[in-house]
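Asks: What follows is the residue order along each chain.
Number of protein chains: 2
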Amino acid sequence: MSNKAIKPAIILVRPQLGENIGKAARAMYNFGLTDLRLVAPRDGWPNPDAGPSAAGAGVVIDEAKVFETVEEAVADCTHVYATTVRERGMPKAVVTPAEAAKQMHGMISSGERPAILFGPERSGMTNDDVALADTILTAPVNPDYGSLNLAQAVILVSYEFFQRGDATPEHQPSHPEGLADKAEIVGLMEHIEGELEQKGYFRSEGRRDSQRRTIRNLIQNAGFSSQEVQTMRGIVKALAKGQKR
Amino acid sequence: MSNKAIKPAIILVRPQLGENIGKAARAMYNFGLTDLRLVAPRDGWPNPDAGPSAAGAGVVIDEAKVFETVEEAVADCTHVYATTVRERGMPKAVVTPAEAAKQMHGMISSGERPAILFGPERSGMTNDDVALADTILTAPVNPDYGSLNLAQAVILVSYEFFQRGDATPEHQPSHPEGLADKAEIVGLMEHIEGELEQKGYFRSEGRRDSQRRTIRNLIQNAGFSSQEVQTMRGIVKALAKGQKR
Chain A
1 MSNKAIKPAI
11 ILVRPQLGEN
21 IGKAARAMYN
31 FGLTDLRLVA
41 PRDGWPNPDA
51 GPSAAGAGVV
61 IDEAKVFETV
71 EEAVADCTHV
81 YATTVRERGM
91 PKAVVTPAEA
101 AKQMHGMISS
111 GERPAILFGP
121 ERSGMTNDDV
131 ALADTILTAP
141 VNPDYGSLNL
151 AQAVILVSYE
161 FFQRGDATPE
171 HQPSHPEGLA
181 DKAEIVGLME
191 HIEGELEQKG
201 YFRSEGRRDS
211 QRRTIRNLIQ
221 NAGFSSQEVQ
231 TMRGIVKALA
241 KGQKR
Chain B
246 MSNKAIKPAI
256 ILVRPQLGEN
266 IGKAARAMYN
276 FGLTDLRLVA
286 PRDGWPNPDA
296 GPSAAGAGVV
306 IDEAKVFETV
316 EEAVADCTHV
326 YATTVRERGM
336 PKAVVTPAEA
346 AKQMHGMISS
356 GERPAILFGP
366 ERSGMTNDDV
376 ALADTILTAP
386 VNPDYGSLNL
396 AQAVILVSYE
406 FFQRGDATPE
416 HQPSHPEGLA
426 DKAEIVGLME
436 HIEGELEQKG
446 YFRSEGRRDS
456 QRRTIRNLIQ
466 NAGFSSQEVQ
476 TMRGIVKALA
486 KGQKR
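These protein sequence lines are chains A and B, in that order. This note's numbering puts the first residue of the first sequence at 1, with every later residue one more than the last. This note's numbering puts the first residue of the second sequence at 246, with every later residue one more than the last.
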């Protein structure tokens with residue numbers, strides 16, 4: 001797995017609103033990123049508007065580092081991504097957040113330190129900012145409405161990085177204790193069939209086999225656990241009983 | 246590819262703030278989702294607070310459908326996901342947003358209509374709401390700080406769905422027109438070596454070969470396009486010239 005000590009640096013270039021810095025901090029911290037760097041924040045630093053919108057991610061705000069220039073902010077990093085929405089026509093590779101996440105985990109496991117630049121809210125980064133990056137990072141969006149705000153861009157990049165290092169299985173079964181075994185399933189089938197027989201459900205001898213198969217497939221597909229087979233047998237028993245009153 | 250007509254329904258269950266409904270609409274629309282459904286929104290509907298925070302996604306707000314109950318909201322859907330953060334101890338499969346996206350594309354290509362339930366801002370869904378779902382959808386987050394808000398949860402699910410249907414290559418090369426061919430690269434190497442020779446750079450005959458290899462590897466690794474080889478040759482030529490003034 002990745003070198004635990006290094007995490008990608010999230011660098012906000014000339015961010016405008018303190019509130020957006022707070023939201024970006026919260027987005028990062030949701031996915032375990034803590035290295036927040038600010039380049040020339042418009043309203044100075046610290047900014048009292050950042051704390052409240054960071055919610056419980058105040059630690060990220062408290063430890064944010066401030067730099068005058070992008071060059072200084074990336075000085076200790078080995079690979080820099082620039083997030084952009086529009087085509088810059090620069091001779092740089094363009095990657096998705098998923099591909100960047102994969103690359104960054106590879107870099108970190110080799111002891112390298114990646115950083116991701118995010119531009120100011122309205123204007124985005126200048127071409128001079130982007131020229132300092134190795135790679136352009138762009139999330140594909142609805143071509144009719146590409147309007148990711150700063151915190152949204154930060155969350156997508158952070159999320160992809162976290163997912164790729166996370167061991168949660170993509171799919172966890174509905175019954176961690178396992179499904180019923182086939183003896184239990186067949187027991188339930190036979191129980192139902194027996195009761196239905198008593199009730200005269202199988203009226204036409206010619207259709208009996210096809211009716212039985214329909215019921216057996218339905219039970220088979222239900223994916224019952226042992227417990228659920230017991231519940232079903234209780235239901236069948238209760239239904240089969242004569243009227244109580 | 247997917248059936249173009251069907252997109253997953255995003256169902257907000259008893260949402261509280263109009264502003265959050267607007268943000269969720271914006272998050273959906275960024276990734277091409279438009280089927281927004283509201284179950285018993287606390288402050289009624291329409292809500293004047295929703296429009297401004299939806300930014301350009303007003304069309305999603307305008308076409309949102311309102312229902313009294315979750316049962317009614319999912320009536321025309323074939324598979325329902327419930328997004329939860331905490332463990333519910335219910336016998337349901339639990340999937341990541343990426344796995345849900347994969348499943349939903351499969352369902353849609355078979356003409357099925359999936360839906361995703363998102364609970365109220367503070368409390369999340371009740372267990373009765375969750376029991377109506379087929380599958381639980383949970384995004385793995387920082388175990389020390391899992392604090393996804395409503396719009397953030399909507400954006401992650403919408404993003405994953407969009408990515409999986411999107412044809413953007415994960416990695417686009419820096420030089421779409423292709424790299425320089427080896428004749429151009431070797432031409433540059435020889436040009437530099439020739440000029441360095443003139444300037445007496447290779448002082449020690451014993452180290453000449455190793456110095457040459459260092460330079461050749463460096464040029465090889467740079468990944469120049471034809472245009473960049475020309476630029477480099479211009480630089481070398483300019484540097485090699487005697488003082489101009």
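Honestly, the hints are just simulated from the structure, not real lab data. The reader is advised that the hints may include incorrect statements.
What the hints assert, rightly or not - If you want a taste of the chain A side facing chain B, the calculated C-beta under 8 Å gives, among others:
| no. | residue |
| --- | --- |
| 1 | P46 |
| 2 | A98 |
| 3 | F162 |
Only a predicted model underlies this, so the values are computations on that prediction, with no experimental measurement involved. Quick reminder that beta carbons are idealized off the backbone N, C-alpha and C, glycines included.
Asks: Flag every earlier hint the structure violates by its number, smallest first.
Replies: 1
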